[in-house]
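Asker: Chain by chain, the residues:
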Amino acid sequence: MAKKNFMFIFHGGYNEGLSPQEAQKNMEQWFAWVEKLQKKGIYKAGEPLEKGGKVLSFRNGKIAIDGPYAETKELVAGYFLLEADSLDEAVEIAKEYPDFPYGGRVEVREVMPLPTR
Amino acid sequence: MASNQDHIETKKLVDHLFRHEAGRMVSMLTRVFGIDRIDLAEDVVQEALLKALQQWRFGQIPDNPSAWLMRVAKNQALDVLRREQSFTEKQESIAGEIEQPHSREDGMFDEEIRDDQLRMMFACCHPSIPPDSQIALTLKTLCGFSVTEIAKAFLTNEETIYKRLTRAKEKLREERIALEIPAGLQLASRRLSVLRTLYLLFNEGYKASHGEELVRRELCEEAIYLTRVLTEHSVGTTPAAYALLALMLLHAARFPARVNDDGSLLLLRNQDRSLWDQRLIAEGLRYLDLSASGEELTEYHLQAGIAACHCLAKSYEETNWKRILQLYDLLVGIDDSPIVLLNRAVAVAQVHGPEEGVRAVEELRGRKSLEGYHLLYAVLGEFYFELRRYEDAAQNFRRALQLTTVQAEQLFLSKKLEDILNIHLNYEAFIR
Chain A
1 MAKKNFMFIF
11 HGGYNEGLSP
21 QEAQKNMEQW
31 FAWVEKLQKK
41 GIYKAGEPLE
51 KGGKVLSFRN
61 GKIAIDGPYA
71 ETKELVAGYF
81 LLEADSLDEA
91 VEIAKEYPDF
101 PYGGRVEVRE
111 VMPLPTR
Chain B
1 MASNQDHIET
11 KKLVDHLFRH
21 EAGRMVSMLT
31 RVFGIDRIDL
41 AEDVVQEALL
51 KALQQWRFGQ
61 IPDNPSAWLM
71 RVAKNQALDV
81 LRREQSFTEK
91 QESIAGEIEQ
101 PHSREDGMFD
111 EEIRDDQLRM
121 MFACCHPSIP
131 PDSQIALTLK
141 TLCGFSVTEI
151 AKAFLTNEET
161 IYKRLTRAKE
171 KLREERIALE
181 IPAGLQLASR
191 RLSVLRTLYL
201 LFNEGYKASH
211 GEELVRRELC
221 EEAIYLTRVL
231 TEHSVGTTPA
241 AYALLALMLL
251 HAARFPARVN
261 DDGSLLLLRN
271 QDRSLWDQRL
281 IAEGLRYLDL
291 SASGEELTEY
301 HLQAGIAACH
311 CLAKSYEETN
321 WKRILQLYDL
331 LVGIDDSPIV
341 LLNRAVAVAQ
351 VHGPEEGVRA
361 VEELRGRKSL
371 EGYHLLYAVL
381 GEFYFELRRY
391 EDAAQNFRRA
401 LQLTTVQAEQ
411 LFLSKKLEDI
421 LNIHLNYEAF
431 IR
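Chain order of the listed sequences is A and B. Be aware that the first sequence starts at 1, since it is given in the working numbering, and climbs by one per residue. Be aware that the second sequence starts at 1, since it is given in the working numbering, and climbs by one per residue.
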């Protein structure tokens with residue numbers, strides 16, 4: 001079966017209030033997760049996002065610029081791009097996301113392939 | 001692809017990197033901000049660590065994580081200072097100091113940080129701060145422990161730890177305790193105070209007084225880490241400091257053998273000596289050698305000497321008990337606490353037989369009121385057991401069992417009572 005690309009979008013997980021030791025432990029869990037995916041050869045990319053930022057929208061006939069938002073648990077904190085056979089398999093992989101204990105959420109989305117010419 | 005694999009393998013942080021870097025950064029920033037703003041330093045450092053957590057978790061670590069963290073913490077500190085409404089001249093100069101470029105290659109930077117850590121250590125262990133608060137403050141500022149973690153290590157609640165920390169910080173302010181490495185006449189007594197606190201910290205972790213083995217082991221590791229920081233500096237290269245480090249290492253070497261698979265405590269006699277950490281033993285002995293360089297003979301020397309006797313013995317029976325008893329006889333002159341006297345009684349029993357051991361304990365009972373001291377009954381029980389006075393042994397083990405709250409010890413004592421019961425049953429069967 002042809003592999004499909006999936007994006008994991010991480011919401012929250014800025015993990016404020018962790019002690020240095022907890023932060024280190026959490027980091028090591030992430031390392032282990034990424035390493036495992038890399039060894040399987042399905043990890044393609046991943047990047048963290050800065051907090052804050054702006055949201056632009058169109059209101060009352062003009063562009064409105066809002067943010068940054070205070071609710072860090074809603075913020076997108078970063079993403080993975082990886083390969084899986086199916087959405088089910090991608091969901092299985094996402095179950096190992098280390099930030100569940102800290103209120104983080106993962107959104108799993110299939111990346112649409114661009115039309116080939 | 002091989003190089004890619006190599007890259008993957010290196011993604012591991014040094015043990016306790018965050019915690020120890022937190023201690024180094026808080027020390028450095030507190031010197032710059034002033035000791036009354038230690039909370040600000042702690043906040044800024046917390047931010048830097050969380051930023052690292054966000055940025056590194058995807059698998060890329062900077063070449064020099066320590067320098068990265070320090071740079072981020074400094075920038076964060078500058079941001080805070082700039083945000084403060086009255087950006088006074090003083091803050092201008094603080095900012096100047098933070099911005100100073102440091103060359104990391106020539107080692108100067110590390111040395112400066114070490115000085116900062118030492119200043120902080122002397123401040124945290126200032127004699128005018130109560131010992132409990134000294135330890136809490138040391139763990140918080142120098143070892144990066146959170147209040148929750150300290151509370152867990154001391155089996156108390158967070159509120160108690162908050163109180164201890166608040167008291168410590170109040171003292172720092174009230175007494176205008178300077179962040180400095182003491183000099184001249186002051187140095188010797190202040191250094192003793194630091195050694196004492198590190199010793200208490202280690203003991204707190206080492207004594208199996210309660211609860212989770214892992215947390216307690218971390219306390220010991222932190223005590224060793226800080227004692228190393230001290231002995232690596234010219235003010236810390238004293239015989240007493242070396243002796244303290246030796247004592248810690250020689251005790252820590254036996255950690256892996258102390259607890260049975262079922263969580264029960266193993267006496268020295270029953271420990272699997274092949275589990276002892278020979279690397280730590282070798283290092284401990286080296287520091288013990290270094291500690292013998294002066295006239296000074298401290299309790300740390302004697303304790304380390306005793307620990308060395310145990311570490312060097314191939315088996316419990318082959319232990320040099322005579323030497324250990326000599327060391328205890330000297331130690332009693334410096335420290336006549338119940339635990340030391342009781343350990344001496346064990347040595348007495350080894351050299352002169354259990355009857356003499358019982359006598360030593362009875363003597364100790366005459367001198368101090370130790371009715372609630374469970375170890376005393378456990379030791380007595382052991383002596384009577386060896387004397388085959390099983391009734392007396394059982395009575396003492398039962399008393400000890402009533403008094404201890406430590407699960408590992410409860411398991412151990414229950415096992416002893418069971419043994420006695422079995423001996424008794426076998427005996428009955430034999431009679432019939």
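Keep in mind that a hint or two might mislead.
To be clear about the criterion: a stretch of chain A counts as covered by chain B if any three or more of its residues have a C-beta under 8 Å from a C-beta of chain B, and this derived list gives those stretches [said to hold, decoys possible]:
no.	region
1	13-21
2	42-56
3	101-110
Computed, partial: chain B to chain A, Cβ under 8 Å [as the list claims (entries may be wrong)]:
no.	residue
4	Arg19
5	Trp56
6	Phe58
7	Gly59
8	Pro62
9	Tyr390
10	Ala394
11	Arg398
I should point out that these hints are in silico values taken from the structure, not numbers from a laboratory. As the structure is a computational prediction, the values presented were derived from the model and not from experiment. The C-beta atom is built at its ideal place from N, Cα and C for all residues, glycine as well.
Asker: Run every hint past the structure and note whether it holds.
Answerer: Hints versus structure:
Check result for the region 13-21 of chain A against chain B: holds, 7 residues qualifying (beta carbon to beta carbon below 8 Å, three or more required). Here the region 42-56 of chain A counts 3 residues with a CB under 8 Å from a CB of chain B, which clears the bar of 3, and the coverage holds. For a cut-off of 8 Å, the count of residues in the region 101-110 of chain A with a CB near a CB of chain B stands at 0, and the three-residue condition is violated. Checking Arg19/B against chain A by beta carbon gives a least distance of about 4 Å; that is within 8 Å, so the hint holds.
Here the hint on Trp56/B is kept, as its CB sits about 6 Å from the closest CB of chain A, short of 8 Å. Interface hint at Phe58/B: satisfied, since its Cβ lies 4 Å from the closest Cβ of chain A, which is below the 8 Å cut-off. Against a cut-off of 8 Å between C-beta atoms, the interface hint on Gly59/B holds, since the closest Cβ of chain A lies about 4 Å away. Violation of the interface hint for Pro62/B is found here, the shortest Cβ-Cβ separation to chain A being roughly 13 Å, above the 8 Å cut-off.
For the restraint placing Tyr390/B at the interface with chain A, the shortest Cβ-Cβ distance is roughly 48 Å, beyond the 8 Å limit, so the hint is violated. Among the interface hints, the one on Ala394/B is violated; its C-beta lies about 44 Å from the nearest C-beta in chain A, farther than the 8 Å criterion. The interface hint given for Arg398/B is violated, since its Cβ lies 41 Å from the closest Cβ of chain A, which is over the 8 Å cut-off.
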